[in-house]
Amino acid sequence: MLSFILRRFLSAIPTLFLVVTISFFLIRIAPGGPFDLEQPLEATVMENLKRIYNLDKPLIEQYGIYLWHLAQGDFGPSFYLRDFTIGDLFARGLPVSITLGSLALLTAVLLGGTLGSIAALRQNSWIDYVVSSFGTMGLTIPNFVIAPVFQIVFGLMLALLPVGGWNDGSVRNIILPVIVLALPQLAVVARMIRASMIEALRSNHIRTLRSLGLPTSVVVLHALRGASLPIVSYLGPAAAALLTGSVVVETIFALPGVGRYFVEGALNRDYTLVMGTVVLVAVFVMFFNLLVDILYAIIDPRVRYE
Amino acid sequence: MAQGAVIPTDTMVGSVKGRSLWADARARLFRNKAAVVSIGWLILMALACIIGPEITGHRYDQIYTEYSRIPASLTAYPKPEQITPAVERIGSRLRAKPEGIAVEGDTLRATFVGQRPIDERSLAFFSRSDMFGEAQVTERGEEGRRLTVEVPIERRHFYFGTDTNGRDLLTRTLFAGRISLSIGLLATFVALVIGVLYGATSGYLGGRIDVAMMRFVDILYSLPFIFFVIMLVVFFGRNFILMFIAVGAVTWLDMARIVRGQTLSIKRQEFVQAAEALGVGTKGIIRRHVIPNTLGPVVVYMTLLVPKVILLESFLSFLGLGVQEPMTSWGVLIADGARNIQGAAFMLIFPSIFLVSTLFALNFIGDGLRDALDPKDR
Numbered sequence: 075m076l077s078f079i080l081r082r083f084l085s086a087i088p089t090l091f092l093v094v095t096i097s098f099f100l101i102r103i104a105p106g107g108p109f110d111l112e113q114p115l116e117a118t119v120m121e122n123l124k125r126i127y128n129l130d131k132p133l134i135e136q137y138g139i140y141l142w143h144l145a146q147g148d149f150g151p152s153f154y155l156r157d158f159t160i161g162d163l164f165a166r167g168l169p170v171s172i173t174l175g176s177l178a179l180l181t182a183v184l185l186g187g188t189l190g191s192i193a194a195l196r197q198n199s200w201i202d203y204v205v206s207s208f209g210t211m212g213l214t215i216p217n218f219v220i221a222p223v224f225q226i227v228f229g230l231m232l233a234l235l236p237v238g239g240w241n242d243g244s245v246r247n248i249i250l251p252v253i254v255l256a257l258p259q260l261a262v263v264a265r266m267i268r269a270s271m272i273e274a275l276r277s278n279h280i281r282t283l284r285s286l287g288l289p290t291s292v293v294v295l296h297a298l299r300g301a302s303l304p305i306v307s308y309l310g311p312a313a314a315a316l317l318t319g320s321v322v323v324e325t326i327f328a329l330p331g332v333g334r335y336f337v338e339g340a341l342n343r344d345y346t347l348v349m350g351t352v353v354l355v356a357v358f359v360m361f362f363n364l365l366v367d368i369l370y371a372i373i374d375p376r377v378r379y380e
Numbered sequence: 032m033a034q035g036a037v038i039p040t041d042t043m044v045g046s047v048k049g050r051s052l053w054a055d056a057r058a059r060l061f062r063n064k065a066a067v068v069s070i071g072w073l074i075l076m077a078l079a080c081i082i083g084p085e086i087t088g089h090r091y092d093q094i095y096t097e098y099s100r101i102p103a104s105l106t107a108y109p110k111p112e113q114i115t116p117a118v119e120r121i122g123s124r125l126r127a128k129p130e131g132i133a134v135e136g137d138t139l140r141a142t143f144v145g146q147r148p149i150d151e152r153s154l155a156f157f158s159r160s161d162m163f164g165e166a167q168v169t170e171r172g173e174e175g176r177r178l179t180v181e182v183p184i185e186r187r188h189f190y191f192g193t194d195t196n197g198r199d200l201l202t203r204t205l206f207a208g209r210i211s212l213s214i215g216l217l218a219t220f221v222a223l224v225i226g227v228l229y230g231a232t233s234g235y236l237g238g239r240i241d242v243a244m245m246r247f248v249d250i251l252y253s254l255p256f257i258f259f260v261i262m263l264v265v266f267f268g269r270n271f272i273l274m275f276i277a278v279g280a281v282t283w284l285d286m287a288r289i290v291r292g293q294t295l296s297i298k299r300q301e302f303v304q305a306a307e308a309l310g311v312g313t314k315g316i317i318r319r320h321v322i323p324n325t326l327g328p329v330v331v332y333m334t335l336l337v338p339k340v341i342l343l344e345s346f347l348s349f350l351g352l353g354v355q356e357p358m359t360s361w362g363v364l365i366a367d368g369a370r371n372i373q374g375a376a377f378m379l380i381f382p383s384i385f386l387v388s389t390l391f392a393l394n395f396i397g398d399g400l401r402d403a404l405d406p407k408d409r
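So the sequences go chain by chain: W and F.
75 is the number of the first residue of the first sequence in my numbering; add one for each residue after it.
32 is the number of the first residue of the second sequence in my numbering; add one for each residue after it.
FYI, nobody ran anything at the bench for these hints, they're computed from the structure.
Any given hint could turn out to be false.
Result set (SDA-like, lysine to any residue): computed pairs, CA atoms no more than 20 Å apart in a straight line [unchecked claim]: (1) W:K131 x W:R102; (2) F:K110 x F:G88; (3) F:K110 x F:R126; (4) W:K124 x W:F99; (5) W:K131 x W:E121; (6) F:K110 x F:H188; (7) F:K64 x W:Y203; (8) F:K110 x F:K64; (9) F:K128 x F:E173; (10) F:K128 x F:R140; (11) F:K128 x F:E151; (12) F:K64 x W:I201; (13) F:K110 x F:S158; (14) F:K64 x W:F99; (15) F:K64 x W:W200; (16) F:K128 x F:F156; (17) F:K64 x W:S206; (18) F:K110 x F:G192; (19) W:K124 x W:F109; (20) F:K110 x F:I184; (21) F:K64 x W:Q197; (22) F:K128 x F:S158; (23) F:K64 x W:S199; (24) F:K64 x W:M211; (25) F:K64 x W:D202; (26) F:K314 x F:M244; (27) W:K124 x W:L90; (28) F:K128 x F:Q167; (29) F:K64 x W:N198; (30) F:K314 x F:Q304.
Selected chain F positions facing chain W (in silico; Cβ < 10 Å) [unchecked claim]: (31) F156; (32) S158; (33) D249; (34) F391.
Where is the CB? At the ideal position from N, CA and C, for every residue including glycine.
Use the sequences and the hints to build the structure in full.
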């Protein structure tokens, strides 16, 4: 197992390298630059700016410089949000996004798992239909519809919760964004758990447990073990996406997370910010894929990594 | 289906009819009520979006400045209580006071009394307004200081209300449906073509080529999806058709994986070996024998991809990267509605109902197809 993890870490390096290379050149070929304003800057100012940020050097050299700094863990200064380095921005934003994302993930897994299992146990009953249609609803209603509706209902009409803001992570401020983030994932988890639980409940070892007269809770636990495999592999990328923040939720609820940096960076040609977020997401994706593989081996003893 | 599987039915009159996978699947699909209702709904929606904008009586980009953000209503505008203020507004332009405003059916009668003679040319203000037609002078008195006019009232229906610019929301919603649905279909088609060809080639060739091709897919996978789309939008500009292609070019990855998995199992089967033995080329085998047999899961994935693409488009529109004004899509309308949710909730509700019901229908069809094509679940 350990050697497997080590090998995965080593094989992640070339992938990461390729991802960095592709996105570095992709954003550089894109028309426009970080200092293109509505009114063009004076030529000498532009030249100075370019020199400071090493933009006057040939592209290959810039690429080399960037890689060298990146290898030392330095993401460089932001072009657009001046006075900040990318490291600073992540240090401020990541805790926010990770808090929201992990809470949403937890909600989705616990609630979605429970709902899906109940639906599977009572297949074709009214509970099943409610869960199924709820699942479809969670998949089809975009979060930028749900979020303003929640703001109006809970924030303004009922005046229960604040409509936005971070407020140092106070519980009341977190509730709405976490629900909005969790709903689509919850729907997917409930649907998947339902489908795989139905299959698992029909399998031979579960039938044996039932015939032995074990209580339902024990049967469900055993069935869940088998049924959770597809969800685990779904949750890997989903967790990476959730923990690195959502543009929509962070924009609508005015939260200082890292999700906005994708769009902001790409639109303003903030090269270092874009590269930073790309690396961040890639690292998260790879880490969670590794985690999924390890969890797989723990849940399913037939899976072996040599 | 492979070419050889086609049964010449005309020579088999009277004999037992074989049940192909597709006939079987179709029968099972039509037994699924949710799927059938969804198909009907989708056809209705498509028809409404194609024909609707032509018969609502408004153009999608027609602006009625006097009807900005008016709520949805089944009765025609202008409402009785809107007429008097409108006439008074025009009166102030004429430098005259309106008296005895009376509405009979679709005509308005009013008498304007001014301090000085009223310039009859200013009556053009009536026809410039969105509420009235050409004004006719029926009576002149007091040396032109008193004018009695008859004006036809132009009745307009705004069943869904209007947006902030005073454009009919019903027309815009239907027009947006055209764009959203065609983006969904076209982008899915692009994803389908790239994904199927790539996946089938990779799976069939196998070996090192397969590893390299799939590694490439993996790398694209670890690039943040949004970043990729934004880059494509930045490159191609906010062009309508290129948007389809860009979105399609991003969503083909799953398709390629699914098709590759299918291909790996198909290429070991006898009919492929037979084709190889008969000397059919690689291209021919992939096109004739491999791709048709991967269609089941591909069709299912496709129906589920259309709603995903529509959602993605609306997400991009929400960020302001999607379709540009005066063109519109459901995403644009919803983003607009979300901004005006206070005071004009109908601007969010109507487009959302259209979008969500369409996505619902597509999902039900996808689920129905999956059940219908699943050989395990008979």
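Structure-based check of all given hints:
no., hint, verdict
1, W:K131 x W:R102, "holds (13 Å)"
2, F:K110 x F:G88, "holds (18 Å)"
3, F:K110 x F:R126, "violated (25 Å)"
4, W:K124 x W:F99, "holds (18 Å)"
5, W:K131 x W:E121, "holds (11 Å)"
6, F:K110 x F:H188, "holds (11 Å)"
7, F:K64 x W:Y203, "holds (14 Å)"
8, F:K110 x F:K64, "violated (43 Å)"
9, F:K128 x F:E173, "holds (14 Å)"
10, F:K128 x F:R140, "holds (14 Å)"
11, F:K128 x F:E151, "holds (14 Å)"
12, F:K64 x W:I201, "holds (19 Å)"
13, F:K110 x F:S158, "holds (18 Å)"
14, F:K64 x W:F99, "violated (51 Å)"
15, F:K64 x W:W200, "holds (16 Å)"
16, F:K128 x F:F156, "holds (15 Å)"
17, F:K64 x W:S206, "holds (15 Å)"
18, F:K110 x F:G192, "holds (13 Å)"
19, W:K124 x W:F109, "holds (9 Å)"
20, F:K110 x F:I184, "holds (11 Å)"
21, F:K64 x W:Q197, "holds (17 Å)"
22, F:K128 x F:S158, "holds (18 Å)"
23, F:K64 x W:S199, "holds (16 Å)"
24, F:K64 x W:M211, "holds (18 Å)"
25, F:K64 x W:D202, "holds (16 Å)"
26, F:K314 x F:M244, "holds (17 Å)"
27, W:K124 x W:L90, "violated (27 Å)"
28, F:K128 x F:Q167, "holds (17 Å)"
29, F:K64 x W:N198, "holds (14 Å)"
30, F:K314 x F:Q304, "holds (14 Å)"
31, F156, "violated (39 Å)"
32, S158, "violated (40 Å)"
33, D249, "holds (7 Å)"
34, F391, "holds (5 Å)"
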